[in-house]
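Number of protein chains: 2
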Amino acid sequence: MTVTPTALRTGTAPQVLARCRALVRPALTRAVERLHPWVGEMAAYSFGWCETGGAPATHPGGKGIRQALAVLGAEAAGAPGQAGVEAAVAVELVHTFSLLHDDIMDGDATRRRRPTVWKAYGTGPAVLAGDALYALAVETLAATPAGPDALRLLSSALGDLVSGQADDLLFAARPWAGPERVRLEEYRTMAERKTGALLGCAAALGALFGGAPAETVGALERAGRHLGLAFQVVDDVLGIWGDPSVTGKPAHGDLRERKKTFPVLAALDAPGPEAGRLAAFLESAGTVDEAGARRAAALIDEAGGRTAALAEAGDHIASVERALADVPLAATAANELRVLLDHLVDRDV
Amino acid sequence: MTVTPTALRTGTAPQVLARCRALVRPALTRAVERLHPWVGEMAAYSFGWCETGGAPATHPGGKGIRQALAVLGAEAAGAPGQAGVEAAVAVELVHTFSLLHDDIMDGDATRRRRPTVWKAYGTGPAVLAGDALYALAVETLAATPAGPDALRLLSSALGDLVSGQADDLLFAARPWAGPERVRLEEYRTMAERKTGALLGCAAALGALFGGAPAETVGALERAGRHLGLAFQVVDDVLGIWGDPSVTGKPAHGDLRERKKTFPVLAALDAPGPEAGRLAAFLESAGTVDEAGARRAAALIDEAGGRTAALAEAGDHIASVERALADVPLAATAANELRVLLDHLVDRDV
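Heads up: the protein sequence lines correspond to chains A and B, in order.
Quick note on the working numbering: the first sequence kicks off at 47 and runs consecutively.
Quick note on the working numbering: the second sequence kicks off at 47 and runs consecutively.
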């Protein structure tokens, strides 16, 4: 066996993701096979393993960020990636559960260019399939020796996930201006819970299963949470200024849906005249047409909303780097975690 | 302190239920207070602690059978009831989660003479509140020393709950006659999962937290499962022949909704001519009027469906008795478990 320098052994992001998916897939398949067959089909559809009715898949599944974080967390602790597989299965099941239920709550009809589960199978069945995936995640962890610590990490992430989703739903009803408006600090709390908590849990669980000391588990959890925040803020920027041919989402989509995203909230907090004009526009009734959305995007930009969002993402990226540097980690895995970080936040913004 | 003979210390069912509710309430309140405030209000509404908007409660909550089983399970193991409180909190949270989600799936608009949570707060919020209660249940158990075993019991009950609900939803689409019809054995599996699993889990968890040996935990789980089956079959009888002024449900409600309940399935399996006439009636399109429902109820009775259901309930009651007699249990708690059993199945059937 030839000794390869670390830098060469480090995979690219698509390679890392594909390697982790391949490692986790058999265990994830076995877990899903334990489900009621009807529920199992909805789960397989969500994972992109099949189309409705069990027909062969014609659409790709998710990238599998969370399962990759769990595998890399175990490897970062010096264990083989296999040690993180049960953790990876659990977080992937929880992630899919949350997508299924969030799509119902948000009324989203498509995901990854296919009908969402509630659109394809009905609301009731989608509620049930989410519940089943969640139960399976708990069952998966309860069956491992790392049980109690692992379940504490998972249940705390789950609590955060639900609270973050509750905050997000409630933000929609809040005014755009005045003392009741949504503050950036509230947004950060929401995004850390809704997006950061499970990413942090994935990396931390992987490390725990890899036998890492508590300090390393904690550092990887922090890294994952900041990664989630960076990712969410970048996603917000793309939701306004992203190229539809790259994002697969309509131009100015988040503005048309009047979502209270980071760039918008930052712009509304800015001192200049643009904040007031933006608030007046967002408060106006009626649907947002393309010209209106373009004007709002320009106002947000002029008020510094895009710059503030990119600076925010940069802060969280730096926090991820610091968390990874805080503790001793296996070099290749730590590098691959950095590669994933770049891949997730360095999209065309 | 005077020594009171066991028989005198045994409470009546309403006394036992009230005592257990009072014992569990502080811990349940503390758990619910950890929820996001909005989600917490939906939880409090479900428990009958308040009306919508947090107004003082004007409707009673549930009886709290599951929490009582957990407390009595601990006491049956010779521990003080307090030892079963965390188990009681967890099963009560899971039960409420399942009511919230099942009401969405079944499209039920009222429960305990009030609008269901999805009717009062919206479908999305009700999905979220259910998820939050479930996460809180897992968190509650993960924080206890009995963690891993307890979570294995809970997650296996959860898996059963979801599978039972899936079976029940799928039964609705199956034909009334022919090889594809629902068999009694399938019904038993469904009802054991949907109703029995959590009752069994409640009693078993209580015993586990009370320090009972595995054999006792297993016996109490079996007792709870058979209790659930007996309860469900009695509920089915009341759903057809129950007095609306007592049940609070419309006369012949289950027939009007064409539910595939035990007495109906037993009648359809009977050899006489009534089975065919009943199947033809149930297969006919259109709404079921009062005269039609009365005719169907008579056919089911003539085909022996009511008798078969009552015999089935009797079998499960005997199985509960056998399970309780199988292992050494503290006398008062064992008696109170029997009192509860009578209370649950000895309704006017």
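Please keep in mind that the hints were generated in silico from the structure rather than gathered at the bench.
Among the hints, erroneous ones may be present.
Dumping the calculated SDA-like pairs for lysine to any residue here, alpha-carbon to alpha-carbon at most 20 Å [unchecked claim]:
no. : chain 1 : residue 1 : chain 2 : residue 2
1   : A       : K305      : B       : G170
2   : B       : K165      : A       : K295
3   : B       : K165      : A       : A68
4   : A       : K305      : A       : V373
5   : B       : K109      : B       : H389
6   : B       : K305      : B       : A354
7   : A       : K165      : B       : G168
8   : A       : K306      : A       : A316
9   : B       : K165      : A       : K306
10  : B       : K305      : B       : T169
11  : A       : K165      : B       : G153
12  : A       : K165      : B       : G170
13  : B       : K306      : A       : G170
14  : A       : K165      : B       : M151
15  : B       : K305      : A       : R340
16  : B       : K306      : B       : T235
17  : A       : K306      : B       : G170
18  : B       : K165      : A       : K305
19  : B       : K165      : B       : T104
20  : B       : K165      : A       : T169
21  : A       : K305      : A       : A339
22  : A       : K109      : A       : A68
23  : B       : K165      : A       : G170
24  : A       : K165      : B       : T169
25  : B       : K165      : A       : A339
26  : A       : K306      : A       : G170
27  : B       : K305      : B       : L356
28  : A       : K165      : B       : L215
29  : A       : K165      : B       : L216
30  : B       : K305      : B       : L328
Predicted, not measured: the structure shown is a model, and the values here were computed from it.
Here is how each hint holds up against the structure:
1. For the suggested pair K305 of chain A and G170 of chain B, the alpha carbons sit about 17 Å apart, so the restraint of at most 20 Å is met.
2. The straight-line distance between the Cα atoms of K165 of chain B and K295 of chain A is roughly 32 Å, outside the 20 Å bound, and the hint therefore fails.
3. Between K165 of chain B and A68 of chain A the alpha-carbon distance is near 43 Å, which puts this suggested pair outside the 20 Å criterion.
4. For the hint linking K305 of chain A to V373 of chain A, the alpha-carbon distance of about 38 Å lies beyond 20 Å, and the restraint is violated.
5. With a C-alpha separation of about 11 Å, the suggested pairing of K109 of chain B with H389 of chain B holds against the 20 Å cut-off.
6. A hinted pair counts as satisfied when its Cα atoms are at most 20 Å apart, and K305 of chain B with A354 of chain B qualifies at roughly 17 Å.
7. A distance of roughly 18 Å separates the Cα atoms of K165 of chain A and G168 of chain B; the hinted pair therefore holds under the 20 Å criterion.
8. Only pairs whose Cα atoms come within 20 Å are accepted, and K306 of chain A paired with A316 of chain A is accepted, the gap being roughly 15 Å.
9. Taking the CA atoms of K165 of chain B and K306 of chain A, the gap is about 27 Å. The hint is violated against a cut of 20 Å.
10. Proximity of K305 of chain B to T169 of chain B is assessed by CA-CA distance (about 23 Å); at most 20 Å being required, the pair is judged violated.
11. At most 20 Å may separate the alpha-carbon atoms for a hinted pair to count; K165 of chain A and G153 of chain B meet this at roughly 17 Å.
12. Taken as a hint, the K165 of chain A and G170 of chain B pair is honoured in the structure, with Cα atoms around 14 Å apart against an allowance of 20 Å.
13. A hinted pair counts as satisfied when its Cα atoms are at most 20 Å apart, and K306 of chain B with G170 of chain A qualifies at roughly 19 Å.
14. With a C-alpha separation of about 14 Å, the suggested pair K165 of chain A and M151 of chain B falls inside the 20 Å cut-off, and the hint holds.
15. Restraint check for K305 of chain B and R340 of chain A: the C-alpha separation of about 54 Å exceeds 20 Å, so the hint is violated.
16. Among the hinted pairs, K306 of chain B with T235 of chain B is consistent with the structure: their alpha-carbon atoms are about 14 Å apart, no more than 20 Å.
17. Among the hinted pairs, K306 of chain A with G170 of chain B is consistent with the structure: their alpha-carbon atoms are about 19 Å apart, no more than 20 Å.
18. For the suggested pair K165 of chain B and K305 of chain A, the alpha carbons sit about 26 Å apart, so the restraint of at most 20 Å is broken.
19. Simply put, K165 of chain B and T104 of chain B have alpha-carbon atoms about 18 Å apart, close enough for the 20 Å limit, and the pair holds.
20. At roughly 15 Å between alpha-carbon atoms, K165 of chain B and T169 of chain A fall within 20 Å of each other, so this suggested pair holds.
21. Our distance criterion of 20 Å between C-alpha atoms is met by K305 of chain A and A339 of chain A, whose separation comes to about 12 Å.
22. Taken as a hint, the K109 of chain A and A68 of chain A pair is honoured in the structure, with Cα atoms around 12 Å apart against an allowance of 20 Å.
23. A C-alpha spacing of about 14 Å is found between K165 of chain B and G170 of chain A, which places the hinted pair at or below 20 Å, so the restraint holds.
24. A C-alpha spacing of about 15 Å is found between K165 of chain A and T169 of chain B, which places the hinted pair at or below 20 Å, so the restraint holds.
25. At roughly 35 Å between alpha-carbon atoms, K165 of chain B and A339 of chain A are farther apart than 20 Å, so this suggested pair is violated.
26. Distance check on the hinted pair: K306 of chain A and G170 of chain A sit about 29 Å apart at the alpha-carbon level, beyond 20 Å; violated.
27. The suggested pairing of K305 of chain B with L356 of chain B holds, with an alpha-carbon distance near 18 Å, which does not exceed 20 Å.
28. Taking the CA atoms of K165 of chain A and L215 of chain B, the gap is near 17 Å; set against the 20 Å cutoff, the hint holds.
29. Restraint check for K165 of chain A and L216 of chain B: satisfied, since their Cα atoms lie roughly 18 Å apart, inside the 20 Å limit.
30. Proposed proximity of K305 of chain B and L328 of chain B is supported: the alpha carbons are some 10 Å apart, at most 20 Å.
Checked against the numbered hints above, the structure violates hints 2, 3, 4, 9, 10, 15, 18, 25, 26; every other hint is satisfied.
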